[in-house]
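**Q** Residues per chain, in single letters:
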Amino acid sequence: MATTTDISTTPTGTEGDNSTPAVAVKNVHKTFGIHKVLNGISLSVGQGETLAVLGRSGTGKSVLLRLIIGLSQPDSGSIHIQGQNISGLSVDQLGAVRTKMGFLFQHAALYDSLTVAENVAFPLEHHRREMSKSERTDRIQGLLAEVGMGGSLDKMPSDISGGMQKRVGLARALALDPEILLLDEPTAGLDPISSREIDELILKLQREHRMASIVVTHDLFSAKTISNRLALLDQGNVVVEGTFEDLQQCDIQFVRDFLKHS
Amino acid sequence: MSGLGATEDTGIRVRPSGRNTMPASVIVDSISKIIGNFFEWFGDLGIFFWQVVRAAVTPPYEWRELMRQLDEIGSKSFPLVALAGAAIGVVISLEARYSLSRFGAKSLFPSTLVYSVIEVMGPIITGLVVSGRVGAGIGAELASMKVTEQIDAIEASAINPYRLLAATRIVACMAMLPLLTISADVCALLTGWFAQALVEPLSFHQFIESGFHGATFNAFFPPTFKTVVYGLIIGLVACFQGMRTKGGAEGVGRAATNSVVLASLFLILADVVLVKFILVVFP
Ligand SMILES: Nc1ncnc2c1ncn2[C@@H]1O[C@H](COP(=O)(O)OP(=O)(O)OP(=O)(O)O)[C@@H](O)[C@H]1O
Ligand SMILES: [Mg+2]
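For the record, the sequence lines run as chains A and B. In terms of the numbering used here, the first sequence opens at residue -1 and continues consecutively. In terms of the numbering used here, the second sequence opens at residue 3 and continues consecutively.
A hint or two may mislead.
What the hints assert, rightly or not - Estimated spans, in silico, between C-beta atoms of each pair:
1) Val230(B) <-> Gln71(A): 55 to 65 Å
2) Ser260(A) <-> Arg246(B): 30 to 40 Å
3) Ser55(A) <-> Phe227(B): 13 to 23 Å
4) Thr218(B) <-> Ser130(A): 52 to 62 Å
No lab work stands behind these hints: they were computed from the structure. From a predicted model like this one, the values you see are computed outputs, not experimental measurements. Glycine included, each C-beta is placed from N, C-alpha and C at the ideal position.
Using the sequences and the hints, build the whole thing.
**A** Here is the structure:
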């Protein structure tokens, strides 16, 4: 947690940081039918920074992550990845941006016709064609060992538990050495020991690669451990943003309730 | 059920003005909605097709996935297609013998069998069998990938799912249908001859000789290769239905059913056009 000190901890985040943020979400609205999910939300994450996103079920945390990687488009507002607005990009340009990003889906979304190792190999086969077969095998084994799945290379996704699928999904998200990591509840469904291991891994990536991460989580302990800043969402917007201490000192009733029950 | 009826009833009667015109306008509304949905579906299909074409013609090409699909579609459909062909051969053989002998034209048996199998029955039977087997398979596979976010995961890995999933399957369908049609034809001719030979001595050599006597390129080539269009229809409709699926396991089932129903329907409709087209272009 020593890493928190060198990052601006003002509640709004970006001021004081004059380099381009890795991810900037600006005044984004998203509606499904008549259901308003995101309501003018703004967020930003600097290089090497980890933002934990908290909020009740159904507040649009997953929707937010999907917007950031361009899987759906905002109704209004804009999303910038390393300074580049992604809404007007062609398929190829968006692809180039996406190769810099790793995405862990809430339900892992492993390819069910491929083995665990093939799942992790998938992005490498498509984007690191120059890699030799043995290099690739080493890389896959290394990644899977790092998430504690080194022993299940040839298992099918349907034959491993939800928590294990999650870890394989994380290994797949890390395959291309992303600069930006988007994780949707990486420790949900994991036992406390595995959860802490994943936390350690995220901290290590942040330290060694200055990776920018947005981590959606319901695990307050994990959020406190891995993040420089936390953002609490409610009704499609940020209620409060800041360090864990800032959140604790906040006297908005919703924030107090949220922390009390976590 | 009754609840639905009741709300419709009140919907019609509740407004005080225009009591007589309301039911008619409701009917007009729902018809125009159906027509609107139909055109919307076609529009989306057109956009989908365009995206697939654009992805398919630009590198990187997904050779490995294409090989896998060729194998999958070809080898999985072969037994069914062969069986269907064999059964059709016997049916045509029995029917042909009966009607030809009534008109005293028994000597025409071989060519009747050959023409009905290769020009008419082989292609359409293959098309329908493949649309059932492969259409449902692709529809369900892609739909389940869609609802479990696997297609999103492909996209998030900066890989174009139109290229990886749709283009490969559609091309594989187009390539495999003529081959499968030929195997259905062969099976049908074999069983058709065999059914006849059981009743009257007829050597296979004789049968082929007189069956294909005077046969031209125009008679056999276009009917077999028009099935490329069937392949396009089956692959396109199944991929489209699969990749636009919404709503869990139920959606997956619906996608599989709709793929088969729509693919079979369009295949038969397309056949009307194709037959006419072939008659005009290859007289
Ligand atoms: N494709 C969609 N179509 C319609 N509604 C959607 C769609 N995606 C999300 N929603 C709606 O948006 C809202 C937010 O969903 P989201 O999955 O982002 O919640 P969440 O904050 O991630 O919740 P959880 O913590 O349970 O994962 C939900 O009410 C959901 O029904
Ligand atoms: Mg979620």
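**Q** Now tell me, hint by hint, if it's right for this structure.
**A** Evaluated hints:
no., hint, in the structure
1, Val230(B) <-> Gln71(A): 55 to 65 Å, "violated, 36 Å"
2, Ser260(A) <-> Arg246(B): 30 to 40 Å, "holds, 39 Å"
3, Ser55(A) <-> Phe227(B): 13 to 23 Å, "violated, 55 Å"
4, Thr218(B) <-> Ser130(A): 52 to 62 Å, "holds, 54 Å"
Of the hints listed earlier, those the structure fails to meet are numbers 1 and 3, in rising order.
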